[in-house]
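J.: The lines below spell out each chain.
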Amino acid sequence: MKDSSEGYTTEDGRKIGGVVMEMKNITLRFGGVVAIKDISFDIREGEIRAIIGPNGAGKSSMLNVISGFYVPQEGEVWFHGAPRPKMRPFQVAQQGIARTFQNIALFEGMSVLDNVMTGRLTHMKTGLFAQALWKGKAEKEETANREVAERIIDFLEIQAIRKTPVGRLPYGLKKRVELARALAAEPKLLLLDEPMAGMNVEEKEDMSRFILDVNDEFGTTIALIEHDMGVVMDLSDRVVVMDYGRKIGDGTPQEVRNNQAVIDAYLGVSHD
Amino acid sequence: MVQSQVGTGGTDGLVSIPALLERNVAKFGASPAYREKEFGIWQSWSWAETASEIEALALGLINLGVNEGDFVAIIGRNRPYLYWSMVAAEMVGAIPVPLYQDANAEEMAYVLDHCGARFVIVADQEQVDKVIEIQEDLHQFEHLIYLDPRGLRKYDHTHLHQYSHVQAQGRAARDEWIGELEARKAKLDYDSICVMLYTSGTTGKPKGVVLSNRNVIETARASSKFDDLRLDDEILAYLPMAWVGDFIFSIGQAYWTGFCVNCPESPETMMNDLREIGPTYYFAPPRVFESQLTDVMIRMEDASSLKRRMFDYFMAHAKKVGPDILDGNEVGMIDRLIYRLGDLMVYGPLKDTLGFTKVRVGYTAGEAIGPEIFSFYRSLGINLKQLYGQTEATVFITAQPDGQVRADTVGVPSPGVEIRIADNGEVFYRSPGVFVEYYKNPESTADTKDADGWVATGDAGFIEESTGHLRIIDRAKDVGKMESGAMFAPKYVENKLKFFPDILEAVVFGSGMDRCVAFINIDLTAVGNWAERNNIAYASYQELAGHPRVLDTIQAHVEAVNVSVAEDKMLSGCQIHRFVILHKELDADDGEMTRTRKVRRRIVEDKFEDIISALYGPSGEISTVTEVTYEDGRKGSISATLEIRDAAVRDVTQGIAAE
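Same order as they appear, the protein sequences are chains A and B. So in my numbering the end of the first sequence lands on 272, straight run, no missing numbers. So in my numbering the end of the second sequence lands on 1659, straight run, no missing numbers.
No wet-lab data here; the hints were simulated from the structure. Heads up, a few of these hints could be off.
[Said to hold, decoys possible] If you anchor each label on the Cβ, the simulated ranges turn out as follows: (1) B/1552 / A/200: 25 to 35 Å; (2) B/1630 / A/131: 40 to 50 Å; (3) B/1532 / A/80: 17 to 27 Å; (4) A/198 / B/1537: 15 to 25 Å; (5) B/1630 / A/264: 52 to 62 Å; (6) A/200 / B/1621: 24 to 34 Å; (7) B/1316 / A/131: 47 to 57 Å; (8) B/1477 / A/227: 52 to 62 Å; (9) B/1268 / A/75: 45 to 55 Å; (10) A/134 / B/1276: 18 to 28 Å.
Predicted, not measured: the structure shown is a model, and the values here were computed from it. Glycine included, each C-beta is placed from N, C-alpha and C at the ideal position.
Based on the sequences and whatever the hints tell you, model everything.
T.: Structure (C-alpha cells):
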C-alpha cells in the first residue's frame, strides 16, 4: 500500500497523499561518531509519521536533518520532489516547516499570546517602521495575525493563560504553548520532538488528542519523535524505528510491533 | 394553585418565553441580549439578532422532524447557542431538558431514557461521545446536534448534525416551515410546559421537575420586581444550565426584564471574564464566595508588610461600619470618612479585582454561608443577600429584602409565596411557582405536593417571631435524635466546621448514638498554602491530610466549634467527641456527593462504615482501603492508615434529664 505514489487510506478512513519529503540514504557524522547511517524513508502528505528508538538511537539528529538544521554528509533530502539545498532557519520556516523542541524553547518573560504571535513572524510583510507607527497596513496585518493566534489559543484551550508570562507556567502547559507557537506559523509539516516527555498520563492524553485534532482539522503533516511506545502506536500512521543510528523497522504500528529486530532492540536479546 | 394573578404576566399575551422574546424585539430590539467571549473578544447579539438566530434554529428543528411534545435534551456549558436551543425547542412546541454536562454516561443514560429524548443538542465532542456510548439503550433517541465541530469530522453523520448547518437548513426552508412555526408558537399558553429540570437527587434517582410557563414567568416577574431588575443589568452565566437558578436568571428574568446574559470564554477564564463584564446582578453558591475569600487572604499573606497592615486596618474598619453603611443605618461622620478613604485604598481595588465593582444585587443560596464570609463581602459594600429556594418552587421561596440582611436567616417569603411550618419543623410553601409535577412519577408528586398545592421542602426550620425571617436548621430527615433523646442536627455542626477555610467538607454522625463523631476533608488550597509557609513538605493530598500538625490545627477548629455548639442548649449534644481527616476528598465521581456538591450522607455512611465504627471504638487509628473512580470511569483503590483524634467537649448539664 505504501508504494503507490498516490498515497493510501488509513484504517480510520483518512486519505494520505503523495510524498512530501524523502530521506535518501542519509548518513550524518559528528567527527568520528556516526549518528545516522544510511537511512531512507519518506513522509507523506497528511500523515502522522513517528520516529522511535531507544536512547541515543539518533532520533533527534534525524529530526534536525528533516528540519534542515543538520546537513548530512551523505545522502539527500528531497522536499516536494526536488533535492533541498542548504537553508537558513528562516528559509525553513518560510517553506512551511515548524517544530517544537525536546527542551522547551519559549520566551520565558513574554506572555503566552506574545509567544504565539512570534510564530506569525514569517507571515508579517510590513517593515519595522510601519510596525512601530502601527498605522494602515501594519495595523490590519496585526489584527489578522492576532485572529489566527486567537483561533489557535482557542483550539488548544489555553485561553485562561493568554496573558500569563510563560515562565510562570507548569511544564505541561509550556509544551502546549510551544505547540501553539508552531501552529501559529500555519505549517504544512510540523515536527514534534518528544511532545510527551516528562508528562503524566492525563497530560499525555490531552496532548495526544491535540495532535490528532491538529492533523484532522488543519490537515497538517506531522513527524514526531517519541519515547512512549503506547502513545506512538495509538497516534501514528507509520513508524520508523531506529537503533544505533540505523533503521531497523518501518511500517504501520502493527507491522513494527511484530518486527523481530524492533522487539530485540527494545526488550534486549539473550546471548546464549 | 393560586390562579388570581393579574397585571402584566399572562394577560398581555406574554404567556410564553417565545412571546417574551417577540416583545423584547419590538420594545428594545437593538439592546444586547447575549455576549460571549470568543477568540479573546466579546461577541454580542442584540435581541433582534437573537430572535433571528432562534427562529433559524427552530425552523431547522422542524425541518429535522421535531414534533410538538418531544423532549429535547441540551448538554453543555453556558453558551448563547445553548440558551437559544432551549427557547427554540419551546418555540416548536417541544420541551427543553438541560442536563448537567459533567454527568457521566450512566447518569445521562438514565435521564435521557426517562424523558425519552428524541433529540439531543450538545456542545462538543466530549458530549457527543457520551451520547453515542449510551445510544443503544435509548429507544427514542434519533438525532444529535453539536455546536463545536472539532474532532467530529470523521464521525458518521447520518444522525449527527452541526448546529450551524441545522440553522442554515432552517433559513433555507423558511418559506416552507414558517407557517408551521407560527402555528405552533400560537398554541403555547400559560399552562404549557416551559422546561423540565432534573433535580440532582440527594437520595435515589433524579426526578424530572416539570415547570410551566406560568411558573417561570410569574416567578420571573415577581422576583424582578422585588430586586428592581432593569434592562441595563448585566449577569454572568456560569452556573450549570441544568440548575433551576440558571434557568430563572438567564432565561426567565432575562427575557422578562431584557437584561444581558454574558457567557464566559471557558470555565477557567471565569474570574477574568467576571472582571471584564462587571455584572450588576450576580449569583454564586457559598463555596464560590469562600474560595474567592481564601484566594484574597492567601494573596494578602504574600503581600508586603505595608500593604498587609493597610489591608488589616481598613478591613477591621469595614467590618465595624461597612454593613451599617450598606443598610443605610446611622454611622458617625469620622467613621464614614475613614470608610471613604478605605474605599479608595482597599475596598475599591479589591472589589475591582473580584469583579464586584458594579454589583447592585448579589445572591447566595444552596447552603449556609459562613457569617465571616458573608460579612466580609457586605462590609466591602457589596449588597450580598441570601435566598432560599428549590427547583420545585421555580427557585424562590424566601429572599432577603435590601436592608434586612443577616447571615443566619434566609429572608422573608418572596412575593406570592405562603409559608407554613409543620409540627415536626418541616417547612411547607405554596406559590404560583409551584411545579406542575414530577414527570412520570405521580407517587413522588403526591408525596411532595398535596391537593391544596402545599409543597414539602424537606427542610426543618422556623420563622423568627421578631423579624418574620425564616431560619433553616437542617434537612428534615437528617434531623434526628441521639440516644439521650437530644436533638441531632448534623448540618448545623458541619456548617460551623466548614466556615473554617482549612475545612472543605465535614460529615457528622451520631443519630441514635451517645455522642457525635466527624469526618473532615481539608481544603487543599488553604492547607497547602499554610504548609508551604511552614516548610512542611508533602507529596499528596493523603500525606498532607495525615500530617500531625494539620491534625493539630483541625483539632483546634473542632474544639472551637464544640464551644460554639455548646452555647445552644437544644443542640449541645452535637459536640464532636472524635474525628478523622479522610484520606481522600469526597467526590461526585465516587457517588459520595451530588453534582451540586452536597454530601450523600447514606452512601458515605455505607462506604466508610469501618472508619465510623473505629470512631466509636477505643482504637487510636484505623487502616482502610477505599475504592475510587477516575474521571474516565476507571476504578482504582487507595489504602491508608488514619489517625483518630479526640476533641475536648464542653460539659453541659443538659435540659433533658438522662433516664
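J.: Against which earlier hints does the structure fall short, listed by number upward?
T.: 3, 5
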